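Q: Chains as they are written, first to last, in my numbering: chain P, -13 to 253; chain Y, 22 to 274.
Hints listed in this document are in silico derivations from the structure and should not be mistaken for laboratory results.
Watch out, some of these pointers could steer you wrong.
Simulated restraints on C-beta separations [unchecked claim]:
no., chain 1, residue 1, chain 2, residue 2, range
1, P, K(-4), Y, T191, 33 to 39 Å
2, Y, G159, P, K145, 21 to 27 Å
3, Y, H155, P, P103, 47 to 53 Å
4, Y, A126, P, P103, 47 to 53 Å
5, P, P103, Y, Q132, 52 to 58 Å
6, Y, E156, P, H(-2), 29 to 35 Å
7, P, Y3, Y, E142, 45 to 51 Å
8, P, F165, Y, G159, 49 to 55 Å
9, Y, H155, P, R(-1), 25 to 31 Å
10, Y, G53, P, A162, 35 to 41 Å
Calculated pairs, DSS-like style, for lysine-lysine (alpha carbon to alpha carbon, straight line, at most 25 Å) [what the hints assert, rightly or not]:
no., chain 1, residue 1, chain 2, residue 2
11, Y, K130, P, K167
12, P, K161, Y, K176
13, Y, K92, Y, K27
14, Y, K37, P, K88
15, Y, K54, Y, K238
16, Y, K136, P, K167
17, Y, K92, P, K161
18, P, K161, Y, K117
19, Y, K205, P, K248
20, Y, K130, P, K161
21, Y, K54, Y, K176
22, Y, K238, Y, K136
23, Y, K117, Y, K205
24, Y, K37, Y, K54
25, Y, K136, P, K144
26, P, K145, P, K182
27, P, K167, P, K88
28, Y, K37, P, K145
29, P, K88, P, K145
30, Y, K117, P, K244
Given the structure is predicted, the values throughout are model-derived calculations rather than measurements.
Quick reminder that beta carbons are idealized off the backbone N, C-alpha and C, glycines included.
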Amino acid sequence: MRIKYDNENKLHRFGRYILISAVSLLVLLYVWWMVSIILGTPAIPAPPRVWDAFIHLLNHGDVVTGYSMWDHIVASLKRFAIAFVIAFAVAVPLGLLIGMSKTLDDFTRPILEVLRPIAPIAWAPVLVFAIDRTWGPILVVFIGIFFPLLTNTVFGVKKIESNLMDASRTLGANKAQTFYKVMFPCTVPYIMNGIKIGLGIGWMCIIAAEMVAPYGGGLGYFISMHAFNGSWPYVFVGIILISILGLLTIGLAERAHKIIAKRTGME
Amino acid sequence: MSGYIKIDNVRKVFRKDDRDTVAIENISLEIGKNELVSILGPSGCGKTTVLRMIAGLVEPSGGEILVDGNKVTGPGPDRGMVFQDFALFPWRSVWKNVEFGLEVAGMPKAQRDEKVERYLEIVGLTDFADARVHELSGGMKQRVGIARAMVNNPKVVLMDEPFGSLDAQTRNIMQAGLIKILDKTDQTIVFVTHSVDEAVFLSDRIVILTKRPATIKEIINIPWPRPRDRASPEFTALRKRILTELEKENVMN
Chain P
-13 MRIKYDNENK LHRFGRYILI SAVSLLVLLY VWWMVSIILG TPAIPAPPRV WDAFIHLLNH
47 GDVVTGYSMW DHIVASLKRF AIAFVIAFAV AVPLGLLIGM SKTLDDFTRP ILEVLRPIAP
107 IAWAPVLVFA IDRTWGPILV VFIGIFFPLL TNTVFGVKKI ESNLMDASRT LGANKAQTFY
167 KVMFPCTVPY IMNGIKIGLG IGWMCIIAAE MVAPYGGGLG YFISMHAFNG SWPYVFVGII
227 LISILGLLTI GLAERAHKII AKRTGME
Chain Y
22 MSGYIKIDNV RKVFRKDDRD TVAIENISLE IGKNELVSIL GPSGCGKTTV LRMIAGLVEP
82 SGGEILVDGN KVTGPGPDRG MVFQDFALFP WRSVWKNVEF GLEVAGMPKA QRDEKVERYL
142 EIVGLTDFAD ARVHELSGGM KQRVGIARAM VNNPKVVLMD EPFGSLDAQT RNIMQAGLIK
202 ILDKTDQTIV FVTHSVDEAV FLSDRIVILT KRPATIKEII NIPWPRPRDR ASPEFTALRK
262 RILTELEKEN VMN
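One chain only, chain P, in its complex shape (with noise of 0.2 Å):
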């Protein structure tokens, strides 16, 4: 009896979580509607406009820029990973050498404290000039992704209890096995947490990086293209596709992270 009640309680409350999410989406898009009837610009279209413009895309492809749907989706989330890819390279073993030497600490404070508060979007058109339209917002993208990744492993490494090192030690781990069979893994939550904000901050600047450099595709390209020519239904789209990717990404980031801290025994 017990059971079947708190099945019961559960239902309800996934029931009650998915009705208020609806009213709550439904909520924005009356707004969205409303505010397009009121400012009666063509800027900010009306809801079924926008669907149109969807559907058409879907059917005839992209006309104004020669590309499919899938091909601009692709080309940022394409972008987005091999910049994720780099600045997981960089960052990470970067990260675990920073925390663990104190001199290199204080050396590169300095530099990443200058750098830090620069938005990763204000390199945009010193990287697509000095390299070129294929890495340079690859690059803006790795900026965004880098810093807090690197944050996040140099406070994981300086988060690591000095009783696991000790006891790594006494069971006569030397050096390199003291790194990669404690350091590490001890590392590992917090290098995850690193990612989460990394992806976050990364979709943002890929985004503003293909705008900046409209070039070869890509959902930021797709937007500035249509702006460009006053299609604005099609800008809506592009502007919807970012937030249900990017939805997509962190999810997905945020489910290794529960996977990985379970396996980790490290909640």
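Starting from the known structure of chain P, arrange chain Y on it as the hints suggest.
A: Chain Y only, in chain P's frame:
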């Protein structure tokens, strides 16, 4: 008493903010093979520091420590350590925690399995081999800690208030369990504790330290066989005597 562990005129000075604090002032002590020696003393007197110096985790400021004739220069698998807060690796299962020392020593898998199995049996955790650390009670955690230290077959096991964070009942069970484990192995044990009762229950000898800067105040031999009866008059009398000694150290603060 042959000096298996030889602490020779060891001093420890901690430097903080350009001020030196003498934690330990010239301690000399010899511990025999197979002996169980407890170190007792007022809080903060440097008991743990002595243990950490034997482990090689802390370097003496003066003097030297020899274990089986070799000077201690750093931590090594010949000196296992059991920690008050267990210091288990939470991302590893019970089995993998115990296996750690054998793994880093590069022992072949088959041999590792056999050893881990044997030591899990000794500490009575065979059924929990695949459990996660956070699923265990405090007493079980420390049994993993003991198995992990013992599986390397160290010459010396250093125990830093190993039962200090357990409740009184579990503590008694663990003490009795430790005595049984010691019957099956031949390690030399150095045991740091706050509990006079625990020291009298377990030790061949008790070393009482003074308050900071710590020196050896007294060494007490306890020739009684184990397990010991806590209610016996000589047990109670000895416990009382040591408590009185320790109280003097505290009062002088």
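Q: Does each hint fit the structure? Answer for all of them.
A: Results for each hint:
{"no.": "1", "hint": "P:K(-4) <-> Y:T191: 33 to 39 Å", "verdict": "holds, 36 Å"}
{"no.": "2", "hint": "Y:G159 <-> P:K145: 21 to 27 Å", "verdict": "holds, 23 Å"}
{"no.": "3", "hint": "Y:H155 <-> P:P103: 47 to 53 Å", "verdict": "violated, 39 Å"}
{"no.": "4", "hint": "Y:A126 <-> P:P103: 47 to 53 Å", "verdict": "holds, 48 Å"}
{"no.": "5", "hint": "P:P103 <-> Y:Q132: 52 to 58 Å", "verdict": "holds, 56 Å"}
{"no.": "6", "hint": "Y:E156 <-> P:H(-2): 29 to 35 Å", "verdict": "holds, 31 Å"}
{"no.": "7", "hint": "P:Y3 <-> Y:E142: 45 to 51 Å", "verdict": "holds, 49 Å"}
{"no.": "8", "hint": "P:F165 <-> Y:G159: 49 to 55 Å", "verdict": "violated, 29 Å"}
{"no.": "9", "hint": "Y:H155 <-> P:R(-1): 25 to 31 Å", "verdict": "holds, 27 Å"}
{"no.": "10", "hint": "Y:G53 <-> P:A162: 35 to 41 Å", "verdict": "holds, 36 Å"}
{"no.": "11", "hint": "Y:K130 <-> P:K167", "verdict": "holds, 17 Å"}
{"no.": "12", "hint": "P:K161 <-> Y:K176", "verdict": "holds, 22 Å"}
{"no.": "13", "hint": "Y:K92 <-> Y:K27", "verdict": "holds, 9 Å"}
{"no.": "14", "hint": "Y:K37 <-> P:K88", "verdict": "holds, 17 Å"}
{"no.": "15", "hint": "Y:K54 <-> Y:K238", "verdict": "holds, 23 Å"}
{"no.": "16", "hint": "Y:K136 <-> P:K167", "verdict": "holds, 20 Å"}
{"no.": "17", "hint": "Y:K92 <-> P:K161", "verdict": "holds, 20 Å"}
{"no.": "18", "hint": "P:K161 <-> Y:K117", "verdict": "holds, 19 Å"}
{"no.": "19", "hint": "Y:K205 <-> P:K248", "verdict": "violated, 37 Å"}
{"no.": "20", "hint": "Y:K130 <-> P:K161", "verdict": "holds, 22 Å"}
{"no.": "21", "hint": "Y:K54 <-> Y:K176", "verdict": "holds, 8 Å"}
{"no.": "22", "hint": "Y:K238 <-> Y:K136", "verdict": "violated, 41 Å"}
{"no.": "23", "hint": "Y:K117 <-> Y:K205", "verdict": "holds, 23 Å"}
{"no.": "24", "hint": "Y:K37 <-> Y:K54", "verdict": "violated, 36 Å"}
{"no.": "25", "hint": "Y:K136 <-> P:K144", "verdict": "violated, 34 Å"}
{"no.": "26", "hint": "P:K145 <-> P:K182", "verdict": "holds, 19 Å"}
{"no.": "27", "hint": "P:K167 <-> P:K88", "verdict": "holds, 21 Å"}
{"no.": "28", "hint": "Y:K37 <-> P:K145", "verdict": "holds, 21 Å"}
{"no.": "29", "hint": "P:K88 <-> P:K145", "verdict": "holds, 14 Å"}
{"no.": "30", "hint": "Y:K117 <-> P:K244", "verdict": "holds, 22 Å"}
Checked against the numbered hints given earlier, the structure breaks hints 3, 8, 19, 22, 24 and 25 and satisfies all the rest.
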